[in-house]
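**Q** Position chain B relative to chain A; hints supplied.
In the order they appear, the protein sequences are chains A and B. First residue of the first sequence? That's 1 in our numbering, and the numbers climb one at a time after it. First residue of the second sequence? That's 361 in our numbering, and the numbers climb one at a time after it.
Worth flagging that the hints you see were computed from the coordinates, not collected in a lab. Careful, some of the hints might be misleading.
If you anchor each label on the Cβ, the simulated ranges turn out as follows [unchecked claim]:
(1) Glu339/A / Pro619/B: 28 to 36 Å
(2) Glu304/A / Arg612/B: 35 to 43 Å
(3) Asn366/B / Asp235/A: 41 to 49 Å
(4) Asp756/B / Ser228/A: 44 to 52 Å
(5) Asn366/B / Lys8/A: 39 to 47 Å
(6) Phe336/A / Glu410/B: 29 to 37 Å
(7) Asp76/A / Glu410/B: 16 to 24 Å
(8) Arg195/A / Phe424/B: 34 to 42 Å
(9) Lys109/A / Pro395/B: 27 to 35 Å
Beta carbons are placed, not taken as given, at the ideal position from N, Cα and C, and that holds for glycine.
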Amino acid sequence: MAEAKERKTDIGPPHYEKLMPPIIKKNYGKWKYHERLKPGVLVHVAESGDKLFTVRAGSPRLVSVEYLRKYAELADKYCDGYLRFTSRNNVEFLLTDESKIDPLIKELKSEGFPVGGVGAAISNIVHTQGWVHCHSAATDASGIVKSVMDDLHEYFAGKEVPGKLRIALACCLNMCGAVHCSDIAILGIHRRPPRIDHSNLNKVCEIPNVIASCPTGAIRPATVDGQSSVEVEEDRCMFCANCYTVCPSMPLNDPLNDGLSIWVGGKVSNARSEPRFSKLAIPYIPNNPPRWPEVVEAVRNIVEVWVKHARKYERMGEFIDRIGWPRFFKLTGIEFSKEHIDDYKYAGLTYKRSAQLRHS
Amino acid sequence: MADSGNGKTPLLDELEKGPWPSFVTQIKSVAEKNPRARALLQLLERSYREKIGHWKHGGIVGVFGYGGGVIGRYSDLPEEYPDVAHFHTLRVNQPSGWFYTSDSLRTLADLWEEHGSGLTNMHGSTGDIILLGTSTDELEPTFEALTNAGFDLGGSGSCVRTPSCCIGQARCEWACYDTLALTHDLTMAFQDELHRPFFPYKFKFKCAGCPNDCVASIARADMSIIGTWRDDIQVDKAAVKAYADDGMNIERDVCGNCPTKCIQWAGKEIDIDNENCVKCMHCINVMPKALSPGKDRGATILLGSKAPILEGAIISSVLIPFIKIEPPYTEIKELTEKIWDFWGEHGKNRERVGELMQRVGLGNFLEEIELEPIPEMIAHPRENPYIFFEEYFEEDEEEGE
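Bound-form chain B, shown alone:
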């Protein structure tokens, strides 16, 4: 009983000092009543002392009928810290936009106080509510309590991971489509793919309402659905004038930052060359009362982003420059299924779809998912002359049959 005896945590106590809210204070707030939280504090203190984590690698645990949603976790010091010998985490699918009522938060708090460590993450990196740490025998009871309260598990492993989105039209005037509705719809449509992993690796959807991309979909989602528009930026001339009268340096702060220099300020009015506008959002961000996205709104669909493991990080690239986003979202679902079919057949174990796309080449990938190549998909055409022409003429073929 190395540390679990005296219960002191001098190193972690240092992290209760200072103005930012402390996770140590959070753990301590339940440690008195909850033996798991208490043991976690002791084990973490030991990690701080030894500069190494004390969690073992994975372990397959879960709830009946699901292949994911629970991250198995065991301490490598189970004898010394029996209360965290198992410390499994449940990923709970968050409501779109991370909206809660006080009652829904209390429901989660009560059930997790009863069944687990009393510690959560609000939220995990993919978007789930994370219930942090319980034992194997508590998994089914927790799941039952969750489903009775109207919650379900999120994704883990080689499956559709829990989709997430920005706040969208719930509160944002820039949202070019209903990100919450699409996220909820995709989540419900792909429940089987979410709970029962059968892909080569994970697949993430993130729905961002505009190119500001507040959910980082272009960096963190295999399929990034980013709101945009294809007509003219809406301009309220009086409001533009009000910004100018109020002292805004429109020439420098707005026009000077336009990536295609498509916005001009002549001292009285702004003039936008909308054909050359790339929908970057800067001018709209700076003058929200005067400028807003056009009326013909939809989204750009990009594919492939991921963190470094295995072949290096990827930022999503364009598949569909513009698509209307309307229920029942048939086009997006059909495109997704085609991508999954090709990936399911040709993807290697633990190969993300972005890596597959790079391995086979975007041109070949497009043929497989039945999309035509268009220049919007590339930053520029190839620079090297090593073209894989797939056919050539033969002399005797010229004769015809």
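Only chain A is shown next, with the shape it has when bound in the complex:
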């Protein structure tokens, strides 16, 4: 009956103060300004005059324990063991000795970690698990991110761009990567209605839940081969896979039809214009592993149009606001199709409701 030892629960995370460098503890809440010294390097100057140097390096997000130890070793060598990660999965080394910046950058680069992603730049791609770990993935995540960043790494490492550009990838509409407010979003999509496993549906799923899960009411109860099951009115299926989330007998994964869509112009920052959703640019690109060249090319094309035509500080969405959607499609050469026109809730609000058009 007596337990050998007390089991610890509900202790919460380690307190952040225990993990911070002394310079941060000392100047907490008393920072005066910061500057970008060069690509990937920031200096924060405190009211006390203290200077904290940050060196930011790109990471694949999927990191092994071997590489965690490598990060630890670099942190020990250059910044008394203090480091952190960013909301975009970069790793940041927190230095007080300015003379160690260049040696650290050199060593990071020699270990294969690009330095950059600060300020007006293309930062790391926030992404999801994909085929590495997810049951509902319509594509892989890490492989596309790797391929796209290989292609765009110069923009991470300091090649000039008009402003910030945030790319995100989610491998299905669940959007664990919350890509819906990104300058460029790469989104895995299914395109074939669920193929129902009638033999076990009523054993592993609750039929009323399955019916209720469908946002368009496309799922109805049915008896198939004497078994209680459901049927899907395929015309009304928009491939959201919500039924699959509540019922494993309704898989949508399909190698023939799964693929990617590309969305543009979203943002979360309040700077200048309000936060907004990304809008559809390309409805469908087939999966083409291992390097998804069509996706890489599509993203680069959109990035290059923005780099060439956007004004200083203009985010993708602000740039498109100024030039208009017709010109966006013209400049990018992306074909406009029926799929671009919204037909879900409040679709009417997305129609052009004025005669303000550019005719040249």
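**A** Relative to the frame of chain A, chain B by itself:
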């Protein structure tokens, strides 16, 4: 033994080429010693060949006394890939601001080398440290090792998800409140709600120090707490002049981008109509040495954002335009509890709080959580005339009693 035999991964090998760091290299760096990582590589190669994932749907696993924190995952090809037959993931609550010491990283590395695949995500989308892949029998030992090292699991399922925040006052001069402290406090205050799911669906907190919103709280958190100020932007005139002398085109780059055109440049000084400033941050972002947020700082609280599933994506909308953020954060916690009470009672299964707010209408929602409607909560008043007046006069009532 389709592929697990020869061990070659020609497709994944293609992803070791090029300048960006490769996740394949990461997996390979532990594959030699770790059979789970080795099997993952083989299974992933097969997915690349077949263009389909090989993970089965969910499965309820966890540690004793918790209802979340572990994502159950099983391969659909367990006979061929027995080392990833189970490949469960643990979400580990990150320290606020994602700060680590080299020793804390080594501790995590050692315990995950012993108990799991040796693969992690630094970090997951919600903010947790993700320990990627282990078997059911390793869950309790991993949990014990984690808690002994001072770590705990994060949230999964219909619970409070692991709160997260920007770097805040630890390094940023723009942070209008202490995002790290609030995040840690909320995490500790709601440990039970975090570990034991009993909500209609998930509930996320994200604390951003200023309207730049580096943690995307307005897009990704049910409750978005975004730092702001309500007095005047602080101006260092000499520093403004220095930017101008240095060649900055203040008229074009600063004033020209102000959303309310409340900032003027007369060639020598800037003049800000602070009453019309909407705290967008642009001018401060561009001239960090010269301009900074005011001194009367706090936050805007917005509610409801989420990704598309189920009723469509939502961006959070304003509940409280300005609130001071100070320990013990009683007002925020009381507001949160009121929201949870109403949502717990009226939310449908898997209905996020933002969807509930839209289903019942913001006006009705406000009544339930005891907030007065104010114009800051809307982009504009209604355009349609279909007003649900809740009462009308009747003739005989005019007589009084």
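**Q** Check the following: the C-beta atoms of Asn366/B and Lys8/A are separated by a distance inside 39 to 47 Å.
**A** 45 Å, holds
**Q** Please test the hint of 34 to 42 Å on the beta carbon pair from Arg195/A and Phe424/B.
**A** With a Cβ separation near 37 Å, Arg195/A and Phe424/B satisfy 34 to 42 Å, so the hint holds.
**Q** Are Phe336/A and Glu410/B spaced within 29 to 37 Å by their CB atoms?
**A** With a Cβ separation near 33 Å, Phe336/A and Glu410/B satisfy 29 to 37 Å, so the hint holds.
**Q** State, for the Cβ atoms of Lys109/A and Pro395/B, whether the hinted interval 27 to 35 Å holds or is violated.
**A** Roughly 33 Å apart at Cβ, these two residues keep to the hinted range, so it holds.
**Q** Taking the Cβ atom of Glu304/A and the Cβ atom of Arg612/B, is their distance within the range 35 to 43 Å?
**A** Given range 35 to 43 Å: violated, Cβ gap about 24 Å.
**Q** Using the Cβ atoms, figure out if Asp756/B sits within 44 to 52 Å of Ser228/A.
**A** Distance hint for Asp756/B, Ser228/A is violated at roughly 56 Å.
**Q** Can you let me know if the beta-carbon spacing of Asn366/B and Asp235/A is within 41 to 49 Å?
**A** 45 Å, holds
**Q** Between Glu339/A and Pro619/B, does the beta-carbon spacing fit 28 to 36 Å?
**A** 32 Å, holds
**Q** Given the hint of 16 to 24 Å, check if Asp76/A and Glu410/B actually sit that far apart at their C-beta atoms.
**A** 43 Å, violated
Hint check: violations occur at hints 2, 4, 7; the rest are consistent with the structure.
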